[in-house]
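Protein sequences, first through last, are from chains A and B.
Counting from 1, position 14 in the first sequence corresponds to residue 13 in numbering that gives the first Met the number 0; the numbering is continuous, with no gaps.
Counting from 1, position 53 in the second sequence corresponds to residue 52 in numbering that gives the first Met the number 0; the numbering is continuous, with no gaps.
The hints are simulated quantities; they were obtained by calculation from the structure and are not laboratory data.
Some clues are possibly wrong.
[Said to hold, decoys possible] Some chain A residues close to chain B (C-beta under 8 Å, calculated; not the full set):
#, residue
1, Arg56
2, Arg80
3, Asp84
4, Leu89
5, Glu141
6, Pro157
7, Gln165
[Stated by the list, open to error] Using C-beta positions, here's what the derived DEER-type ranges look like:
#, chain 1, residue 1, chain 2, residue 2, range
8, B, Pro11, A, Glu152, 37 to 47 Å
9, B, Ser63, A, Asp84, 27 to 37 Å
10, A, Arg194, B, Asp199, 48 to 58 Å
11, A, Glu222, B, Glu222, 26 to 36 Å
Even for Gly, the Cβ is constructed at its ideal location relative to N, Cα and C.
The chain contents come next:
Protein chains: 2
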Amino acid sequence: MGNLALEPLDRPDGMTTHEYAHRRLRQAIMVGSIRPGESLTIRGIAEAMESSPTPVREALRRLSSEGALRVLDNRRIMVPRMTADRFSELVSLRAVLEQHAARRAVPHITERRIDRLEEIDKAQDEAIARKDNGTALLLNQEFHRTLYTANPEQVIMPMVESVWLQLGPFLGIAMEHVAQLYFVDRHQEAIAALRKRDADGVAAAIKADISEGIGGFERSAIENLLRLAGQ
Amino acid sequence: MGNLALEPLDRPDGMTTHEYAHRRLRQAIMVGSIRPGESLTIRGIAEAMESSPTPVREALRRLSSEGALRVLDNRRIMVPRMTADRFSELVSLRAVLEQHAARRAVPHITERRIDRLEEIDKAQDEAIARKDNGTALLLNQEFHRTLYTANPEQVIMPMVESVWLQLGPFLGIAMEHVAQLYFVDRHQEAIAALRKRDADGVAAAIKADISEGIGGFERSAIENLLRLAGQ
DNA sequence: ATTTTGAAAATGTGATCACAAAAATAATTA
DNA sequence: TAATTATTTTTGTGATCACATTTTCAAAAT
Numbered sequence: 000m001g002n003l004a005l006e007p008l009d010r011p012d013g014m015t016t017h018e019y020a021h022r023r024l025r026q027a028i029m030v031g032s033i034r035p036g037e038s039l040t041i042r043g044i045a046e047a048m049e050s051s052p053t054p055v056r057e058a059l060r061r062l063s064s065e066g067a068l069r070v071l072d073n074r075r076i077m078v079p080r081m082t083a084d085r086f087s088e089l090v091s092l093r094a095v096l097e098q099h100a101a102r103r104a105v106p107h108i109t110e111r112r113i114d115r116l117e118e119i120d121k122a123q124d125e126a127i128a129r130k131d132n133g134t135a136l137l138l139n140q141e142f143h144r145t146l147y148t149a150n151p152e153q154v155i156m157p158m159v160e161s162v163w164l165q166l167g168p169f170l171g172i173a174m175e176h177v178a179q180l181y182f183v184d185r186h187q188e189a190i191a192a193l194r195k196r197d198a199d200g201v202a203a204a205i206k207a208d209i210s211e212g213i214g215g216f217e218r219s220a221i222e223n224l225l226r227l228a229g230q
Numbered sequence: 000m001g002n003l004a005l006e007p008l009d010r011p012d013g014m015t016t017h018e019y020a021h022r023r024l025r026q027a028i029m030v031g032s033i034r035p036g037e038s039l040t041i042r043g044i045a046e047a048m049e050s051s052p053t054p055v056r057e058a059l060r061r062l063s064s065e066g067a068l069r070v071l072d073n074r075r076i077m078v079p080r081m082t083a084d085r086f087s088e089l090v091s092l093r094a095v096l097e098q099h100a101a102r103r104a105v106p107h108i109t110e111r112r113i114d115r116l117e118e119i120d121k122a123q124d125e126a127i128a129r130k131d132n133g134t135a136l137l138l139n140q141e142f143h144r145t146l147y148t149a150n151p152e153q154v155i156m157p158m159v160e161s162v163w164l165q166l167g168p169f170l171g172i173a174m175e176h177v178a179q180l181y182f183v184d185r186h187q188e189a190i191a192a193l194r195k196r197d198a199d200g201v202a203a204a205i206k207a208d209i210s211e212g213i214g215g216f217e218r219s220a221i222e223n224l225l226r227l228a229g230q
């Protein structure tokens with residue numbers, strides 16, 4: 000209960016307590032700082048962030064609807080355990096979702112946004128160079144998010160984020176045992192295709208980015224990692 | 000606030016109040032019996048189902064995470080308005096998601112499940128014959144759900160259901176103005192491909208089923224419907 | 001007639017409490 | 001000593017209350 004690996008977060012003015020709890024838990028799960036199988040208690044979290052059960056419960060309900068948490072029959076709440084099968088299911092879904100999101104974003108992209116993508120990618124490269132995995136991960140997400148949200152009526156982003164959330168706990172495990180995550184990406188290729196408004200090219204770059212990134216884990220490597228982490 | 004078009008639902012024994020509230024609201028939204036733009040009040044719903052604000056709020060949080068509801072800046076909660084652009088975004092996402100789900104289900108399909116699909120499709124045809132749109136809609140969903148959940152480690156179903164939920168309110172509008180919904184489907188084609196374990200064939204059938212079903216609305220028809228419904 | 005102001009009602013939010021179920025711990029028995 | 005039972009503690013759940021904000025509606029002013 001005590002140590003939730005919940006780092007306090009910046010809390011804007013009008014933000015409600017349940018929103019804040021949601022953000023904080025979400026962030027912790029996204030970067031893999033809560034171990035799969037670890038069960039969360041409402042009162043524990045409430046105490047940790049100096050609030051009460053009511054708003055924490057709302058945050059947990061949202062997170063379980065987002066696939067980040069699982070409610071057991073005993074009504075206990077935990078971070079879902081990862082399996083090799085589930086992992087491959089998540090990665091293939093991620094590829095399909097994000098290719099589609101990328102394709103639908105291309106008609107709406109502006110030069111200004113492409114410049115922003117360049118900046119994010121550059122910052123990510125710097126984070127990778129200084130072996131700052133956490134920041135690199137966040138910047139990688141920001142790159143993808145910035146691309147997909149070019150589409151104003153976009154409806155897919157919550158689903159993409161849900162997949163990220165579900166992969167998060169595994170990333171936490173992987174980062175403990177693997178030296179460097181995301182040492183290559185296909186972002187430059189995506190940017191080049193974007194400048195040409197080449198939707199197929201962008202989709203191909205995104206697909207490659209995913210399958211050579213997180214999708215690059217061999218099945219046996221995943222099973223080893225999970226065994227090492229005592230899953 | 001009184002009339003919420005919330006029909007009481009069967010409530011199993013161990014089901015919690017927030018779960019029940021969630022199910023009931025979800026059902027109402029899914030079949031389009033809550034008008035887009037209509038705003039929901041926590042106390043109103045709580046009173047309508049004879050409970051209190053706390054569990055209702057949890058249900059509403061979940062539904063907003065599922066994309067079924069939108070929380071405004073005023074913290075008011077409403078069923079999102081539909082636009083022609085959003086509709087087309089949802090339909091194209093639905094096609095992509097379900098093709099993928101179908102493809103990944105094929106390796107796990109059993110003859111027994113295919114038989115079940117036959118039965119569901121037959122029941123749906125009967126519902127269509129007697130012009131029972133509501134039942135036909137539910138059976139159509141059950142057909143698709145039964146197919147995709149053949150995959151045991153499937154992770155996509157909540158996202159498919161989220162798209163259904165977001166399309167629900169439009170279906171409600173459409174059913175008021177269009178004589179018959181879903182008068183043709185490609186289920187038999189999907190079943191034939193399933194018997195042959197032909198993943199591409201199944202995916203093609205699902206794609207056709209969607210684009211000739213709900214995807215068959217012309218843009219101008221959608222705009223007309225939305226205007227008629229005062230959106 | 002339209003706008004502005006003010007009071008009253010409605011609403012979202014979060015803390016607290018009581019209750020039941022579950023889990024953990026202590027006591028007892030085989 | 002190991003297993004079982006009893007007791008205590010922890011936990012999830014839902015109702016209620018108080019507070020602040022928003023909305024609604026009536027009265028007053030322009």
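Hints, verified against the model:
1. Arg56: holds, 6 Å
2. Arg80: With a minimum Cβ separation of about 12 Å from chain B (threshold 8 Å), the hint on Arg80 of chain A is violated.
3. Asp84: Where the cut-off is 8 Å and the nearest Cβ of chain B is about 4 Å from Asp84 of chain A, the hint holds.
4. Leu89: Holds: closest Cβ of chain B sits about 6 Å from Leu89 of chain A, inside 8 Å.
5. Glu141: violated, 21 Å
6. Pro157: This hint holds: Pro157 of chain A lies near chain B, its Cβ roughly 6 Å from the closest one there, short of 8 Å.
7. Gln165: holds, 7 Å
8. B:Pro11 - A:Glu152: 37 to 47 Å: For Glu152 of chain A against Pro11 of chain B, whose Cβ atoms are near 38 Å apart, the range 37 to 47 Å holds.
9. B:Ser63 - A:Asp84: 27 to 37 Å: With a Cβ separation near 30 Å, Ser63 of chain B and Asp84 of chain A satisfy 27 to 37 Å, so the hint holds.
10. A:Arg194 - B:Asp199: 48 to 58 Å: About 34 Å separates the Cβ atoms of Arg194 of chain A and Asp199 of chain B, which means 48 to 58 Å is violated.
11. A:Glu222 - B:Glu222: 26 to 36 Å: Because 52 Å falls outside the window, the suggested range is violated.
Violated hints, in rising order: 2, 5, 10 and 11; the structure is consistent with all others.
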